[in-house]
Each structure stands twice: as structure tokens, then as C-alpha cells.
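Here's the letter readout for the chains.
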Amino acid sequence: MRCRQLAVLAAMLCGGIAGGAVAAEQRFATRLTAVAYDGATRANVQGDGQVLATLDGNKLTVSGRFMALPSSATSARLYSGAGIGVPGGPILDLQLDGQADGALSGSFTLNSKQLTALRQGRVYVQLNSQKAPEGNLWGWLLPEHPFPGVDVPEKGQGFLPQLDVPGNWVEK
Amino acid sequence: MLERRRRLIWIVMGATVTLTALWSAGLAQPANAPFTDAQAAAGRTAYAANCASCHQGNLAGVGEQPPLAGAGFMSAWGRRTTKEFYDDIRAQMPYGRGGSLDAATYQNITAFILMANGAHAGTQAFDGTETVRISAIANGQVPADIATPRRAAGGGDEGGAAGRAPAMTLGQTLVGNIKTYSPVSDAMLVHPDPKDWLIYRGNYQAWSHSGLKQVNEGNVDQLQLKWSWAMNEGGENATGPTIHDGIMFLANTSNTVQALDARTGELLWENRLGPLATRAYSALRSLAVFEDKVYINATDARLYALDAKTGKVVWKTDIAEPGKGFNETGGLIIAHGKVIVGLTLCRGQMPHCYISAYDARTGKQAWKFTTIAAPGTPGGDTWGDVPDDMRAGGETWIAGTYDPDLNITYWGTAQSKPWMQASRRSGTASTLYANTTLALDADSGKLKWYYSHAPGETFDLDEVFERVLIDHGAQKTLMTIGKAGILWKLDRVTGKFLDAKQTVFQNVYSGINKKTGQLIFRPDVLAQKTNTWISSCPSAAGGHDWPPTSYDPANDLMIIPLNQSCNMMLGHDVVQHTGVVQPEGEERLFFAPGTDGNMGRLAAYRTSTMEPVWSFQQRSSFLTGVLSTDGNIAFVGDYDRTFRAVQTTTGKTLWTVRLPTVVQGNPVTYEAGGKQYIAITTGLGGGSPFSKPSSMLGELHHPDHGHAVYVFALPDKLAGKLN
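Protein sequence lines correspond, in order, to chains A and B.
Residue numbers for the first sequence follow this note's numbering, beginning at 1 and rising by one.
Residue numbers for the second sequence follow this note's numbering, beginning at 1001 and rising by one.
Excised from the complex, chain B in its bound form (with noise of 0.2 angstroms):
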């Protein structure tokens, strides 16, 4: 008996081996699966059209776009069935237009997918109701000839896509010669005229608020629409114009950059530097000018500055080596005579993410602070043992601010990536300087101090967008808020916490420690596994997110879009590689507990207190910045199509105008010609704010294009007489 059980063990182990060394080899096939020849043709097809340009024509992914082939496809889809994988892509692809492909076509792509992943065809077509394990027909070997895509006669991968923008020519199309422009000074950038909409937030302090009071709570509501123009379509639009002597310089996606007269909307020069937006993400968030020269840190990760009267380029050069994904999203600032500018999507490769500055005349480097602590430096111990280039986030979505006074730069940085502390094996340490307030010297990088906002942070959750500098007193602060939604104030000379508020539902922390601002996490999350779904609210959309706020200065008010979601996120066993991309997790959306299915809230914080003077909720999600002037107004623009005025002291809706599609980017006013206007763009494409509501709201509906600057003023009658 004894012996019988041995030699049934031995034949188990040595049929265990056997198929394992098959496997291995390659040699072992999965059933047949339940698609047909014809089908993964068309599939591939209608990939290259549809999905190639986020997911790579090798189905590898890059950045935020997960590999749909490979170990990480089968890491992630593994599990779960033909027609899970099906009902997913169907829902939600292409990117911000699901469900708009025919059946046939998503059968042909989950077909062509299955395939990529070593799945063989069968006689028995795909209808999008079987229910196989994907596991079992498929195992992640990608053939030779999907792995090395074929190029298209551009130079490209093959195929085109959702946020790919049309066949146009490159180059400038109008070279200018404007007269009227005056160089931007120093003192113009320190004290700029309220005329002049100079810097992405208005100011340096990002206070995103104008002096401007033609337009007020009397007369909003006779705003009229003066002028609009047709921006680029493809990509990701979420910008705001740049203002100065009324010139309003416009980025639009495939880094194209337009001066327009700003009081007619006459092009006045162009040029399209490219190259052309291939997927609806990463925007141009703004523009910079300094003395005769536009700035622009492309999407490819270059800088380029421009004359600001002929539109022809002066300068380039490359912030991060080109051709290797890295990105620019955020925009850029110009101070004491540099352009710093930051990185974003550096993961699965070297280097780390950087903030890098660059002399404004000659665009050579000038300094570069790079946001993950390597082994061995300050603050490399706060990743535990994890190597150096499985190190990764701390990316800087967001432009950072300045105060020219102390000469400090400030920048947020993005959470850690894998986003979960399971996945990731750093527990609750800091992983410095991820979710992180960096104060920089503007003149030489070098670190004044640093304050981690969120060590172990694990939904997802950055701590990165705008610094708004605010004097209380003789006190300098820094406040800023992140996706948990909580609104921080610390010492900007110091870096020392002062206070933080809670402004929208979150679940992640229980508690705060109020003398050092150490957050508390819910029990739960700290004992956290990989491959187990765990809740988080707010979800990846963040509580705050890149919209940012604006900071009235006569009623200590911060006027602050919120969104209100929850996910459920479960983290994956991830090995991480130089050069590889894996998905890190799962998520699954629903609304958040007691906001009754609202995901928009507008909410306004005395920041002298801390305490809130207003708020309100709407089902849609904001995704523009903050706009308030001195005439007691604030406008904002959210997801479905309305751009509104309220009243900065009450929060009561003043005026509304729906736009032809989603409202995004900043909006920004400005004078020229004696008349206030105020600029608003329209936008689609982006990351967890503008996918959420995409995913979450299906009642609301827009046009899947209409990218497009509007421009407001009161009727001229009205506005003369104010004058």
C-alpha cells in the first residue's frame, strides 16, 4: 500500500515536471479557444484602429494604459473568463467612448487579444457569451510577429485611434509679427497686471484669482459668448490661455501653439511642433512667457521657446532622452530667470522621475533634483530593501509654484508606485519623496526641506497638484490638497505642519495626529494582501484632483472642486522590471456613501480657520480649475457641458451656459480694449477625473469632440458704461 502511494506520488512529481518543462518550453497548448481564425484577423485590425495608440501595437502598454498581453495581461485576466474580458473592453473602450464599436468589432478584438496571448484559434466563433477561463486557453507567449509590431508608412506604430489626432502637417503654418508685445519682466511676473493672465495660476502664489471687477455678482448673468476658435481634436485638451498685451497665447494638443488676437480671436501665428497626440492623455495644462519668448514643455518631454512674436522656434532641448515615453503633462513656471519644468511617466524605467530648471535664454540644464531617493542618499532607506529601479512614481503632474521673496520653488510629487503597499513591499515607509511637498532653491535645486504628506500611501491616492502660497500675518504658508481630500496647511519657511481639514468623504485614514499631521490608517488597510479587493474612498479620481483651486484674497476664501467617488482596488503580485510595464491592481467604482450619487462638490474653506463657509453637490464631476475675481465671482466648468459664475461669499449660482461638450482646463480672465472677458476651453481625454465620470455617470452625454477656446465679455453697451 505504502509502496503503491510512493510510485503514485513519483508519477504525479514526474508528470508534474514533464508538463512544466513543456510549459516552459513552449511546447504545451492550450485548448483550442472559442474564437475563429477570421475573427482575430478583423480583431487585429480593428485594435490597430481602435487601440493600438494607447496600448502599443505590441499590446505592451506604457504609463498609465495596462499591457494587454504578456504576464501582466494574464496576471490581471487570468482568473477570469472570455466574457468578463469582453462585457470590460465593451464598457469601457475605446478609452472615453465605451460601448461605441459594434458587437462584431469587440468580438474581433477580445479574439485578436486572446490570440496575442498564445491563445489558438478554433472552429467555433466568439459571440461574446462564452464563458472560459482565460487561463486555460491562453498562456502569455506573444507570437514574434505581435510582439515586434509592423510599422505603418509613418514611422509609427500601426494603427490609429480614440485620441489620436487627424493627418495634419507640422510645422508653422503662420509665422507672425506682432508689434504690439512688450517684453515680461521679472517685476511683470512678481506683481503681474491684472490685465495680463500671465502665469498658469494667475500668480505665482496660485491663487488662480484676477484683480478684475468689470465683470461682478451684479452683472454676470449678461455675460455673452464674444468669440470662440476651434482647437486641435485628438489627445487630451485641459489647458488655459496665457495672456499678455492682448495676445493670448493658446498650447493645443499635438503641441501646436497659437497666438490669437484676444480681444477678435484672429490667428495672429502657429506652429504645430508635434508630434501629433496618438492616445486622449496628457495635456498641455499651460504655457509660459518670459521676456521675448513663449515656453512649452511638449508631451515628448522637450522644451521648446518660442518668439513670442513670430511664433519660430529659438530654442529646444530635451528634458528626459526622447523616444523613451517620457512625458510633460503639467506645464511649467519661469523663475528668477529659469524654466523649470517637471517628468512624468517614468515608470519601468531610468532614470526617476526629476524637477529640472533651465536658463530661459539659452535652455541650457541648469540644475535637476530627482524625486526618488535612491540606495545610499538621504531618504533611500525609506524604501526598505526595495532595489533602485523597481523605485518608481513621484511624478510632477502639476506646475510648481514660487515665492520670490525666499526664492523657493515648490512642487508636489505623485503617490508610489505599485500603488499598493502589498504589491510595492514597502509597508507604511515613506518612499520618499513620493506624495511629497518639495521646497527647492529656484537658483540651484537644492532641497530646503520636504514634508511627506502620506507615508504608505496605497489607493492611489497623489498628494501632487497645486501649492498656493497664502500669508496669514507674518505667517507664510503653503496649502494644498490631494486626492484623500484633505486640506493641508504648513509652514512654507519651514516646512512644518500646521493644520489639515477633511473636505469630502474619505474612508482610507481614521485619524490624524494634530501636532505632527501623521495620518492614521483605517486597520484594515495596513493588513492589506495582494489579489484581495479592498475599499478606498475617494477613489483614484481623487477627492481633489488636477482642477485646481483659486484663493480670493478679500474673504480668505478657497473655492476647491471636489469629486466624490469610491473604489474597490486590489493589488497584484507585481515583479517589476526595467523596461517592463505591469498592471499593479484592479479597481472597481461606486458612489460614494451618504452624497446620495452626487460626484461634483464645490466647496469654499476660510484659510485663516481652516473652517468651511460653503458648499454644494452635483451629480456631475468638476474639471476645471477655479476662477474667482475681485467682482465676488468664481466660475467653474464640470463634465457635463455647463460652465457657470457663483458668488465667491455664498456659493449661489450667478450664471450657466452649457458648451457644446465637456468643460475642461483653467479658466482664466483678462483685459484688452477696455472689456473684461473670460476664457474657458472645452476638452476631452485625461486620466481618473475625466474616466470616472465617464464610467460612472451613463445618463450624461457629450460629443466625442469639440475641442475649442470660448470667450465671454458682457455686451459692449454694458461694459462702456462701466469703463
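Next up, chain A with everything else stripped away, as it sits in the complex (with noise of 0.2 angstroms):
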């Protein structure tokens, strides 16, 4: 069921971006999966999600939903650190709605920095609750890639993000 769920709402979100997206926008997405976790806190950091984001010249929307939460969202928010998937410090608000299973969204205008940042793969979602006030589910925005699904090849070596997100990497 929460697969299904996912997927309509990944087909809905791509559908959306589909229908209303111009050239300028650049799209990111992320699934939200469990924030790090030892056996100690693996129980409080349960739950699944998916994120959708637009930029437009220096606007970023935010969309997205959660499900199945051990306990209810408390609040959600970007994040920036100093590489994808390295942990940093809170940047902007994210609006929530729900408790175990909603949504969560944003608008913003970034600065320079949380611009550099996001298009470097170094800004993540993450979702607090009650039981995870530290971090229940984040995922990492980076650009919007075709996934061939589980399984099935592609050629070359698919989406690796330090390479396919500029800033990540040098060759001198």
C-alpha cells in the first residue's frame, strides 16, 4: 500500500512538473528514508516519503509527502552541510501538515549561498517527530534523474551524484 502510495504520488509530481515546467526551472527530488541510525534508535526512525522541488531563478518550492511515521511529525525543515550526504545545520522552515502520514511544504527566496548550496547537492529535507525530535527521515535534493526501475539496465553508469552534481568533484 505505501509503495503504491509513493508511486502515485511520484507519478503525480512528475506529471505535475511535466505539465507546468519551463526551461529556467531546474527540478530536485529526493525519497526520504531513515535519518542515521544504530539499533538503539532504529525503531523511532521508521517511515517512508518522497520530496519534489522547483527552482526558479532564486524560488524554491517544496513539496512533499510522509507516511507511517512511529510517531507524529513535529517539524520539517532544510538543512545545508558540507556534501551530499554529510549532515549540517538548519536553513529554512518547511510548513507541515499531519501526523504520522502528510505533507510538508515551502516557498522561498534564497541567498547565494543556500542557492550554491542546493545546486551542489549539499541542501536535504528532514523530518522530525516526536519520538526522533534529532531527525526521523531526511533525503538529499538533487537533481531530478530518469530511473530505469529495480532491476533493469541503463547504459553507462547511471546517476552518481558526485559526479552528476557540479562541485563535487576535481581531477587536477
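Since the hints were made in silico from the structure, they are not lab data.
Hints may contain errors.
[Stated by the list, open to error] Using 27 angstroms as the maximum straight-line C-alpha spacing, the simulated DSS-like pairs for lysine-lysine come out as follows: (1) Lys-1496(B) to Lys-1368(B); (2) Lys-155(A) to Lys-1514(B); (3) Lys-1496(B) to Lys-1529(B); (4) Lys-1364(B) to Lys-1316(B); (5) Lys-1515(B) to Lys-1529(B); (6) Lys-1368(B) to Lys-172(A); (7) Lys-1717(B) to Lys-1675(B); (8) Lys-1213(B) to Lys-155(A); (9) Lys-1195(B) to Lys-1675(B); (10) Lys-1717(B) to Lys-1195(B); (11) Lys-1213(B) to Lys-1226(B); (12) Lys-172(A) to Lys-1515(B); (13) Lys-1368(B) to Lys-1324(B); (14) Lys-1226(B) to Lys-1195(B); (15) Lys-172(A) to Lys-1476(B); (16) Lys-1083(B) to Lys-131(A); (17) Lys-1652(B) to Lys-1501(B); (18) Lys-172(A) to Lys-1675(B); (19) Lys-1675(B) to Lys-1213(B); (20) Lys-155(A) to Lys-1652(B); (21) Lys-1476(B) to Lys-1446(B); (22) Lys-1446(B) to Lys-1496(B); (23) Lys-1446(B) to Lys-1364(B); (24) Lys-1213(B) to Lys-1652(B); (25) Lys-1226(B) to Lys-1717(B); (26) Lys-1717(B) to Lys-155(A); (27) Lys-59(A) to Lys-113(A); (28) Lys-172(A) to Lys-1364(B); (29) Lys-1195(B) to Lys-1312(B); (30) Lys-1368(B) to Lys-1179(B).
Join the two chains, each given in its own frame, into one complex according to the hints.
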């Protein structure tokens, strides 16, 4: 059921983008998965979700869904770290609607530092909850890319963030 | 006012000194803990049954298993709560079977471990919800009766365990009388007959590729199970059969070696060398054959030569001192009449790890190369001021490869330890010969050259796995890929760096010098401190780990099993002493960004250009090596019990079968009686490649038993037509 909901959401989001996209827009997406956990925290960081972000100039619009949290969501923010997959500090608050299942959204005007961080894949969405106040789900906003599906081969290496997102790899 | 302040300072200082003295003398007692004597007593029994085989009866830990008592435990858990500890072990233990015990048993084990760290029972029973800081109730002082564990009737430490093999009689249970075995010569090893599978990875070059093509892209979907054989339970099963003259030699856990008729699965001889496996760790990844003998480097660091026709022991020798915890796991190779083996689990003790060679006919040691450079020896200065007995790591988890023309054997080494730079206090120095490719003269063990792949590596990202030897025209190259997921190409004559390619998401390095191959660390990795969390992608499961690649020469494709996961790692302030194992760090796992939660990736790279040709992802990690054949097919198995064949040139899945438990090991192919067979093992246990998906892929289930070998072939009618 959860997978179907996510698939429907992803299709809706993609459809919306395809319908309303303009050339200047950049699209970023992420799946929300458990924050870093160990056995002691694992039970409190369950759940799933999907987030889409559209950048038009310096205006960022974020929308997404989450589901099956072990406890009610309390806050959602955009964070920025030192690299893709590197946690950092909060930069912008998102609006939250729902408890264990729900939606998050936000519209922002990014400053140049935030813009650079987003374009380099260093911005991530983090959802906090009652039992996981320091993080329940997270996901890095990376350029939307085609995914052929599980077990379906694609030519080349497929999407590798450090190579496909500018600013993450230098060859001297 | 000033006088009163001085008096107060003196009172505080005096009280501090007194309390410190009392504490040091063991007289200061922490507050009573939230558990009862009855719980701790029951927990002791439960610990012995479920935990002691890995963490030891005295809770001191060994190898990769951290201590659960003493300073090491307090360093890792002192600042956390009883509930966190309970939740942690309930989620993850026993190893590979997290959550399999009832709540009361986990509560009792928690109580026992707290008691083993000096906590005193009270009247309140522990129910798993108490959030008492562990350092407030425990001081890490281990009671004498726990520090010196009781001995079980069988002579070992008390307790059975997850991973412990069921009781069975050791020794030779069936003596063979094989008439059809022909001696294996040097020439046969250099040019192996495709009908055989004589060497761990198929040939000296570690191609894991077969020239057989009776089974091919056009008919692989008709493969059928021909026979299967249940293997020893307990321990870690991740092996691959060795085949010669229609005989399959099979390494089981508990160092049991069997000879089977490769056409029918009939047992021809069996020798249970022992000791019994006691933990779900340390696999026998291969055997070797040469002349009239079968060789096994047993998990207790003993080397045996068995008569290939009867299974009787011809000679045995110690690779390292028995009973000290030294370990063998990566198989062995025979080169120029010598048996060459590595060594693992040398941590917390001397001597350092080494690679050693033995005369294949007599077992006499021929040479030894120590993989940690001592002070005053070449490379010794690469550890800075770290004393010799604190220089650790450099294990050789995987058997090396061999170039008979150059008479050089190539080995990879594991990372230095403790894992993190900040804990190790060696900075970005190269800590030779950790994370290095070593080129050794096969006759003398003399170092011909070395290449340090990752100086200063800091996240348990070994560069220890297979060294694949490929010629590109006149250029002789060596290709390897480690946990960071970077595919390396070196000149194997000189050790010169030629090229490198990233194959999975990694964020540890932010660049490379393409002339020298020197990697550039992400800036915050260099600024790390102990007791601070820091991100690493891949996690310690590795972008690539022990399941090896295959190389298809006709298509110039290297097919690589890859894994995608990340962790946050925290390095402890480690004080290493010989004989003491301390937990060197902690980790917290998460899915790799950009992967949509898919841990498994299989990818093919053209080795001449280093360009990716195809890749696909799936939820489950791959836990077998890849076997490719001239039939334009490649086989691979995974954590979710699927064994599959893909088209080598496209990656398209052509055939799958679901086996009873995790598909783990090394697939091989051979021909017997005119028919081509494909063999693969199922198995449990193992380090990070097995434990990370166990933790992260909670929706995937498998039985916690089922070690076996499965053998597939085409239907008789079809195979007959193709001959």
C-alpha cells in the first residue's frame, strides 16, 4: 500500500512538473528515508516519503509527502551540509500538515549561499517527530534524474551524485 | 570573602582527591541499577547461549566483536542510557538475528552486561524502559568471576551461540578411494582446462570467467537444478567449490573438507578438521589443489595438505600461533610450488599480520612478508610516532593473484587500525602497508613494488579485495576496487598509477590527482576529531567488498558487484595496548543519497577505456562474486535469495531462481560427462556486507539456516544436442 501511494505521488509530481515545466526551472527530488541510526534509535526513525523541489531563478518551491512515521511529525526543515550525504545545520523551515502521515511544503527566496548549496546537492530535507526530535527521515535534494526501475539495466553508469552534480569532484 | 573562597576550593579539591582515590580503589560504588539479581543471573545464562561465542565468556570481545565489559564498553556506552543499550541489542543481536529473542531475555542480558561492568542490582526489575545513564550505575570494573570465565565441559568458554556449529564428531568420517584424480601440474594452473575450476577465481589472473558456453544467452532460461548438498551450519558460509577431474572439493564451516562427485553430488570423502565454528564470522572462501593434494588454510590459522584421493592429512603447519585468535578467511593460492596465504585478526596482539609461503610438498615455511612497517624499517616512518605494538591492521582478507611470467604475486591489504585518523593519531600518513597493493616475488617474498591507494584512510574503507590481472596490448595492468568504490588501474610491472574511476556514490574524497592517483579528502574529513560524528559514503559495508568481480576478455568487460549505503562514524579516544581490544568507534547507518533506497548495484566497465557500459540497481545487496562465461552470460546472487544470470553485454536479466536462504559465496562452472554445470552456495554470517543489509533491509526475510551448495545444468536432452 505504501509503495503504491508513493508511486502515485511520484507520478503526480512528475506529471505536474511535465505539465508546468519551463526551461528555466530546475527540478530536484529526493526520497525520504531513515536518518542515520543504530539499534538504539532504529525503531523511532521508520517511515517513508518523497519530496520534489522546483527552482525558478532564486525561488524555491518544495512539496512532498511522508507516511508511516512511528510518532507524529513535529517539524520539517531544509538543512545544508558540507557535501552530499553530509549532515549540517538548518537553513529554512518547511510547513507541516499531518501526523504519522502528511505533507510538507514551502516557498523561499534563496540567497546566493543557499543557491550554491542546493545546486551542489548539499541541501537536504529533514523531518523530525515526537520520538525522533533530532531527525526521523531525511533526503538530499538532487537533480531529478530518470530511474529505469529496479533490475532494469541502463547504459553507462547511471546517476552518481558526485559526478552528476557539479562541485563535488575535482580532477587535477 | 577571599579566605572563604580559598577554603571552599580546598574543600572541593580535597573531596575530589578523596573520591578519586576511593574510585580508583574500587571502593566508591555507583548507585543501585534498575535490575535485579535474578535478572542478572538469568541474563548470564542467556548471554552464554547467545552472545559469548562472539564477545567471549569474559565479555572481552575479539577481532571485530567489541568488548561488552571494561573500559572499552564504558567508552562506547558510558554516556548513553540503559534503554538505548537495550534497544540496540534488541534490534541487532544476536548477530544477524536481531529481535529473535523474547523481551525478557534481552532485558536479562542487559542486566547481566551492566552487572559485568560493576553495576549493582537493586530491587527494581529492568523492563527496557529505564533511561538511566550507564556511567551513573556502572564503572567498568569487571567482577573476578566474569573476568575469568567458567570453562564448559567441552573445554571452551561457556556457552553456545548464534553462529556456533551444532555438535558433531570431528575427524575423518569417510576415507576416499578416488581412482580418477590426476595430479595438477604447474602448467595446468597456468593454463587451466575450462572443464575444471582449479583456482579460487578461476585462473591466476582472478578473472572468474569460464570458456565454457554450452549454457549461453540463448538457453540459460532452461537451467534446472541437478543436485544439491546441505553443508555444515554455524559459522560464516561464503565459499566456492574447487573442481578437478569431475570431483568437487568443498570447504564447509568448521574447517570441514569434502570431495563430491561433481555430476551427482555423491560424497567421496570427508575430513572434519575442526575446530567447530563458534561465531557467524570468518569464511573459508576457497581451497586449492596442486599435484596430489588439496590445501586449506583453516580458520584457526593452520595450514593443511590433504591427500586429494583419500582426504587424509598429509601434513599440517601453523601459519600463526594457535589459540591467539589469529584467523584465516580469504583462501589461498599455489604459485610456483608454494602455498601462499594471508593472515587476519591480528589486532591487539603481536606479531603483526603477514603474508607467508610454504613448500607445497612439505609444509616448510619459505618466506614471510609483514604487512605493517615497523619503526626503523622501510616505510616505518609512515606511522609517525605510533609505537610498533600499536600499529594494527593490514590484514589480507582475500587470497592474492599471480603472474607466472613475472613470477610476482599480488596482494591487497586492509586499512590501518584504529579506523579513524583521529583515534589512530597518524594523520594522513600512509601507514604502510595498509590499504596497499603489494607485488611480491613468489619465490622469496621480496617486495618488488607497492602502491598505497588511500593514505590516511579513516572510515574502514579497505582496499584489500581482488587484484585482477589484465593485459591491454603490451601493457600489463592490475585492476582492483576497494570499499570506496574506486576502480583502480595500475601498471603491474612497475606499480605506476594509470587510471581510476568511481563506480558508486562516495563522498569521502572530493577529488583526485589524475597523474599520481592521490585522492583528495573532503575538507571536514581532515578536520575530524574523536567523539564527533562524521559522514562516510560508502559505509563500512563498502561500495565493493569481498564478493569479487569477473572479467570477460572477449568483451573486455569487468562486471562488478557494488553496494550502496552510508554511515555516520564516530572515533573513540583509543588507548591501545597489546592484548587489549577496544571498540574503536561507532557507526550509524543510512541509505545513500540518490539511490532511492536501493543497496545493490551491478555494473560493467570496459577496462581498456574505464568507461561504464551498463549498470542496474536493486533493493538487495549482492553477496556473491560474479561468474561470467563465453556464453555471454554472468551469474550473481544476492541477500534476498535470488541467483540470476544476466547478459554480459547488456546487463539484462535472463534467468532467476529463488534459493532457500541468502545466496552467498562464489559461483563456479565446470564440465563433467559432457555437461556444463553451474554451482553456487547459500550461506549466512559474515562482516559488514552481510550485517548492513540485515540491519537496513528489514522487509527482506530469510531463514537463519540453510548452508548448502546448489548445482544447475540444462535438461539432459538439450545438453546432449549441444555436444
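Hints and how they fare:
no. : hint                       : result
1   : Lys-1496(B) to Lys-1368(B) : holds (25 angstroms)
2   : Lys-155(A) to Lys-1514(B)  : holds (25 angstroms)
3   : Lys-1496(B) to Lys-1529(B) : violated (33 angstroms)
4   : Lys-1364(B) to Lys-1316(B) : holds (10 angstroms)
5   : Lys-1515(B) to Lys-1529(B) : violated (31 angstroms)
6   : Lys-1368(B) to Lys-172(A)  : violated (38 angstroms)
7   : Lys-1717(B) to Lys-1675(B) : holds (11 angstroms)
8   : Lys-1213(B) to Lys-155(A)  : holds (25 angstroms)
9   : Lys-1195(B) to Lys-1675(B) : holds (9 angstroms)
10  : Lys-1717(B) to Lys-1195(B) : holds (20 angstroms)
11  : Lys-1213(B) to Lys-1226(B) : holds (18 angstroms)
12  : Lys-172(A) to Lys-1515(B)  : holds (8 angstroms)
13  : Lys-1368(B) to Lys-1324(B) : holds (19 angstroms)
14  : Lys-1226(B) to Lys-1195(B) : holds (17 angstroms)
15  : Lys-172(A) to Lys-1476(B)  : holds (25 angstroms)
16  : Lys-1083(B) to Lys-131(A)  : holds (14 angstroms)
17  : Lys-1652(B) to Lys-1501(B) : holds (23 angstroms)
18  : Lys-172(A) to Lys-1675(B)  : violated (52 angstroms)
19  : Lys-1675(B) to Lys-1213(B) : holds (10 angstroms)
20  : Lys-155(A) to Lys-1652(B)  : holds (11 angstroms)
21  : Lys-1476(B) to Lys-1446(B) : holds (20 angstroms)
22  : Lys-1446(B) to Lys-1496(B) : holds (18 angstroms)
23  : Lys-1446(B) to Lys-1364(B) : holds (18 angstroms)
24  : Lys-1213(B) to Lys-1652(B) : holds (18 angstroms)
25  : Lys-1226(B) to Lys-1717(B) : holds (13 angstroms)
26  : Lys-1717(B) to Lys-155(A)  : violated (37 angstroms)
27  : Lys-59(A) to Lys-113(A)    : holds (13 angstroms)
28  : Lys-172(A) to Lys-1364(B)  : violated (49 angstroms)
29  : Lys-1195(B) to Lys-1312(B) : holds (26 angstroms)
30  : Lys-1368(B) to Lys-1179(B) : violated (36 angstroms)
Hints 3, 5, 6, 18, 26, 28 and 30 from the earlier list are contradicted by this structure; the remaining hints agree with it.
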